[in-house]
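Taking my numbering, I'd label the letters of the sequence shown as residues 1 to 113.
These are computed hints drawn from the structure, not numbers from a lab. It cannot be assumed that every hint is accurate.
Unchecked claim - FRET-style restraints, in silico, Cβ to Cβ:
| # | residue 1 | residue 2 | range |
| --- | --- | --- | --- |
| 1 | Glu87 | Leu49 | 20 to 26 Å |
| 2 | Lys110 | Pro18 | 50 to 56 Å |
| 3 | Val6 | Gln79 | 32 to 38 Å |
| 4 | Phe48 | Gln79 | 27 to 33 Å |
Claimed, not checked - Cut-off 30 Å, straight-line C-alpha distance, at most; resulting in silico cross-link-like pairs (DSBU-like, lysine-lysine):
| # | residue 1 | residue 2 |
| --- | --- | --- |
| 5 | Lys105 | Lys77 |
| 6 | Lys66 | Lys88 |
| 7 | Lys105 | Lys88 |
| 8 | Lys77 | Lys110 |
| 9 | Lys77 | Lys88 |
| 10 | Lys77 | Lys66 |
We put the CB at the ideal spot given by N, CA and C, even for glycine.
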Amino acid sequence: MTQITVEIPNDLAQRLRPVQNRLPEIIEIGLRELTSSKSYFQNEIIDFLANGPSPEEIVAFRPSEKSIAHARELLDKNQSGSLTPTEKNELDRYEEIDYLMMLVKARARKKLI
Numbered sequence: 001m002t003q004i005t006v007e008i009p010n011d012l013a014q015r016l017r018p019v020q021n022r023l024p025e026i027i028e029i030g031l032r033e034l035t036s037s038k039s040y041f042q043n044e045i046i047d048f049l050a051n052g053p054s055p056e057e058i059v060a061f062r063p064s065e066k067s068i069a070h071a072r073e074l075l076d077k078n079q080s081g082s083l084t085p086t087e088k089n090e091l092d093r094y095e096e097i098d099y100l101m102m103l104v105k106a107r108a109r110k111k112l113i
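Assemble the whole structure, with the sequences as input and the hints as a guide.
Right, dumping it as structure tokens:
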């Protein structure tokens, strides 16, 4: 295990004292949250599904131009090999969400038959 030293504000140090034996876990959770923050696209999908769309609306759903443009930007950076680790995580999430929506649309189409 690697040992690191960091400077943190006094108030944060006080809050961490009672849980200092769990610091690796706390840092891991924080990093995971930081690198997997919900993208605009993810929020767009969540909002859409939270409104209880009909099967017709699900089949007709298309991401916003903003989401499409950002996905293209990430794909271009991926092709050129210039993605940061955070952008790689974001691109992976785009792909996961896109696959999930493909499955949701397939089920919605079955309901329309």
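Consistency of the hints with the structure:
no.: 1; hint: Glu87 with Leu49: 20 to 26 Å; verdict: holds, 25 Å
no.: 2; hint: Lys110 with Pro18: 50 to 56 Å; verdict: holds, 52 Å
no.: 3; hint: Val6 with Gln79: 32 to 38 Å; verdict: holds, 36 Å
no.: 4; hint: Phe48 with Gln79: 27 to 33 Å; verdict: holds, 29 Å
no.: 5; hint: Lys105 with Lys77; verdict: holds, 29 Å
no.: 6; hint: Lys66 with Lys88; verdict: holds, 18 Å
no.: 7; hint: Lys105 with Lys88; verdict: holds, 26 Å
no.: 8; hint: Lys77 with Lys110; verdict: violated, 37 Å
no.: 9; hint: Lys77 with Lys88; verdict: holds, 9 Å
no.: 10; hint: Lys77 with Lys66; verdict: holds, 17 Å
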